[in-house]
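Colleague: Assemble the complex: chain L is given as a structure, and chain F must be docked to it using the hints.
Chains L and F, in that order, are what the protein sequence lines are. Per full-length UniProt numbering, residue 1 is the first one in the first sequence, and the count goes up by one each step. Per full-length UniProt numbering, residue 1 is the first one in the second sequence, and the count goes up by one each step.
Hints are all accurate, no fakes.
In the DSSO-like style, the derived pairs of lysine-lysine whose C-alpha atoms are separated by at most 27 Å in a straight line are: (1) F:Lys29 <-> F:Lys15; (2) L:Lys585 <-> F:Lys281; (3) L:Lys328 <-> F:Lys15; (4) L:Lys328 <-> F:Lys76; (5) F:Lys255 <-> L:Lys215; (6) L:Lys396 <-> F:Lys281.
These aren't lab readings, by the way, just hints derived from the structure by calculation. Small disclaimer: the values here were computed from a predicted structure and weren't measured.
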Amino acid sequence: QERLFPTVLGFAGSETLPSQPSGHLQPQQPCLLPLLSSGELAGRGRQRGPLSVPKPEEFQISAGFQEMSLGDRGGRRRDFHDLGVNTRQAIEHVRESKTGSSGIMIRLSTNYFRLTSRPQWALYQYHVDYNPQMEARRLRSALLFQHEELIGRTHAFDGTVLFLPKKLGNKVTEVFSRTRNGEDVKITITLTNELPPTSPTCLQFYNIIFRRLLKIMNLQQIGRNYYNPSDPISIPNHRLMVWPGFTTSILQYEKSIMLCTDVSHKVLRSETVLDFMYNLYNQVEEQRFRDVCTKELIGLIVLTKYNNKTYRVDDIDWDANPKCTFIKADGSEISYIDYYKMQYNQEITDLNQPVLVSQPRRRRGSIMPGPAVLIPELCYLTGLTEKMRNDFNMMKDLSVHTRLTPEQRQREVGRLIDYIQKDDSVQRELRDWGLSFDSNLLSFTGRVVQAEKIHQAGRVFDYNPHFADWSKETRGAPLINARPLDNWLLIYTRRNYDVANALLQNLFKVTPSMGIKMNKAIMIEVDDRTEAYLRVLQQNVTSDTNIVFCLLSSSRKDKYDAIKKYLCTDCPIPSQCVIARTLSKPQSIMAIATKIALQMNCKMGGELWSIEIPLKQLMVVGIDCYHDTVSGKRSIAGFVASLNQGMTRWFSRCVLQDRGQELVDGLKACLQTALRDWFKWNKYLPSRVMVYRDGVGDGQLKTLVNYEVPQLLDCLKSVGKDYNPRLSVIVVKKRVNTRFFAQSGGRPQNPPPGTVVDVEVTRPEWYDFFIVSQAVKSGSVAPTHYNVVYDSSGLKPDHVQRLTYKLCHMYYNWSGVIRVPAPCQYAHKLAFLVGQSIHREPNLSLSDRLYYL
Amino acid sequence: MDKNVQEERFMGMIKFTPPLYKQRYQFIKDLVGKYKPKKVADLGCADCTLLWMLKFCSCIEVLAGLDICENVMKEKMHRLSPLPGDYLQPAERSLTVTLHHGSVAHKDPCMLGFDLVTCIELIEHLEESELEKFPEVVFGFMAPTMVVISTPNSEFNPLLPGVTLFRHPDHKFEWNQAEFQSWALNIARCYDYSVEFTGVGPPPTGMEDVGFCTQIGVFVRKYSQTSETAHFEKPTKAAYKTVFKAVYPSLKDEKYLQNAVVSEVIFTAQVIKRSLLDHLKSEHEEYNDGPVEIKSKFQHSKNCVSEDLEKLAVGKSLEPFVNGNAVYVPLTKIFSFPKVNQLCGTFEKLCKLITGKVTLSSDGSGVMVNTEHE
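Pulled out of the complex, with its shape left as it was, chain L reads as follows (with noise of 0.2 Å):
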């Protein structure tokens, strides 16, 4: 099947594509996290309303706007907002209603703001002609507002396509200008388009409007989000500034237009990347400092000193230095001194510096644009270093700036709100155009379902729902499999003595009541080598090993690697590792072993507790990618499924896929063997798969449904000509800036675990829904948002909200409740286990135990 119909429209024939066994209709892409094609953004001019009928005059909806300069960057922008992908109409029994419907009703508010239009709003779109033609833009602008009268003072005008608040009399307008050379000139002033407020190009409108506001407010913009740079929070321990800030978008949620906006925190960095570069080169011998050096800084994000850009460093050309000389666009040569100097005039003090290298994310209109070089001496560093994020002084150093309580988040927001209803300048730019925001945050009614009962070797216990978790209730239970630590190793440095024996006396006394048999370990001494560590593993693992502990003495992480490296994929026996450090500690050691002996247990195949699952013969899936961006451009995706009703046993595998490779074929891989594992077990197949996938980027909503979903579908037709069982696809999305505030007791708190939102601040034309299910004990607890992109399941909302919840209660690694179904958190924990030490697929013989916790 060709398209037939411009970009436009066939986009609009897209929404339908989840129901067809397609993978022909469009080219495939070539990989996990394809860029938006041009093509694709001019689709975006129809959209909305998935329960309606697109209006036909939308679809012209103008190539010109999308090339406005009213934009305060001007050029396309991605879709962050997945806007376009409109999944629910292709779902029969969400049409009419997506609620639930259990659970205690609670009065919930959120960090959205109604925007409000004067009644019959409407954006008008016109086309300006000229005759004679006038090239400039400043006198096309000039001639058209000599008739301001006619016009008005509010307007956008690219110089082609006007719009305004308001009808001009006639469809039609002709007027005459006169230039200063006492040239006549006729303008045609043609209506092309009457926008309703909810019409994408208006949405669109709104967003560039509401920028312009940020802007008159003194805010900075950096990349994605404005920031306030007149009061930074300073953290010279790590020189590091944390400006504070805003992300704001304006949407059609479900019932109306609203802004959304959350507060964000900008960790820049006082110091250039050169300054890091010789601190980094006093600190480590000079023969490993541009390995180390070149892991530390690619992949973060740099802000050059002379203009407000920020780039993603990709590679450091050593070779170079800032004497090396590039061809300007007017065919010039010039050295990167002398350009700097000339064009911004900064001094390049170092010449010996090398030079980053970013490679463009976007092409310009058909053209992919070169590599740009920076120079380290005129770019700052701004983001965490992985380091950084692993120093838990700093973070904490920093956590006390950033994370704020429900109450802080709701002030620090409502001032923003304040500050434009207080604005005079940004309150008549809103009043020109007929457009306000509501004052008062929008509130609504959420609904907190029951707790669930953790099962456990035939008793059952509760939990306080307001803390989500149970390791006090469970502490010394039974455990429901509990597996015999009959032969072991336990592997320790000399100076790590005691503490090996002082875990292995812990064990003694906790293991017991779990149920867990245990032998005393093989104490094997080795030296702090990571060949040492090799060696003795090689020499004393057995078939009939049950574990291996090793006890390491510090965090480095090549020996970690080595040891997990050889222990899943050449000889594929669980492992434990532990940092000794952790057990110093005699206070806490009791409470460790337990935490140690229920993960050994799960990795050798135990299993812990469960819940009441009440559908059968379902089959649940999650899917996570790691992406690494240190070493070339690999992305690994861990993909787990269920073996069992209890959920309680998970097969695993993972895809390793390279620059170029599809995530996809490798995922019908995993699930075409996750159902031959499943069958194994059970002697039946499934008669429900439901997939909860994760690692889903902003703007990479449509190429899942219109490419995984298919290939999903298709792998479940090939098992067998009668073999058709409903699947259900989740998209699982941890990272949103919706924020629930409950309001008790005057103040705004966090909503307790088990809060669910179906209604006001979910998307029209998509079938999803928030969960909060996870308690946090400081800050603002943040929603899930889950979208059910694709179900032929016919269950009720309200029962896949459930169930969603109650596979939050289980990941074996936590005793509570945790932000994502237990499969999404198995599959992350595996994909990172992969990305990060392993870098191959680990042994299939591994596949049904949680060896990657």
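Modeller: Positioned in the frame of chain L, the structure of chain F alone reads:
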């Protein structure tokens, strides 16, 4: 190759590289580089391109723009705002950029006391009445040390393809060299300025008489005048509307200086602490195996020696040392680091700036850095 160029010239296809407008801006930039003015105003600043280029010139502390068209100024004015980098490492110099909406035919006290006023391709856009008032406003009222005026040279027009009457439809006139020079000399005489003529866009060889494509007059005031007297003598009501103002963060501002000093002091203290601890650790690893021993030494010093050491420190306060859970880093040591030294200038200034912002020892002679979590 020369032949080709010649041919092009004969056909009247004059092309300037870099483009003429860039050459005009570069002319101003070179002038700024030479005379290092502190206060510069651009009359008829349009989309603020020249101002944007000038904001990178480190001698300039005040930049002002004036234009009759508010919309054109507003279109790109935000590029005159400070960048994140300006906040991350505030510069030594202070810089204020202001944009005014108004006419060069009106006087406004905000334009007093400037070192350089530029009027790039401005006068030819002025109506006759405006042009009449222009000299009195710029040379009589504003009376800056230096004025640069550029305007098209009509004698060059025949060499430009497609130019019939004027180069731009909004031009009210275009002067030849004699017209411009007599106008300029007359002004110079009236207002006690000297003037020199130059230009950008040289004529083709053999046609030198035509003159530069853009003719430029550089006026220098012959009498001296302090900005105070200027303000005092000319009390005038404001005629312009301020549409934009940006104050750049600068170390001249106590707030930014203090932030910078405190940050640098804490960071330097951390560096010293780390090297001290590393040194102690390596020293002890030669004799013992493990951190347990170091800890006991720390303990020891805390219990028995700390008071003595502190007394000692008051006397000497030269080298850092471990004191219980903290490391004492003498301020003198920190002051000896070039960056700190440069920021503060004097030791007294350092002490004054960090008071209350950094944890100091009881006698205030050193910074106490916590060693917990090490």
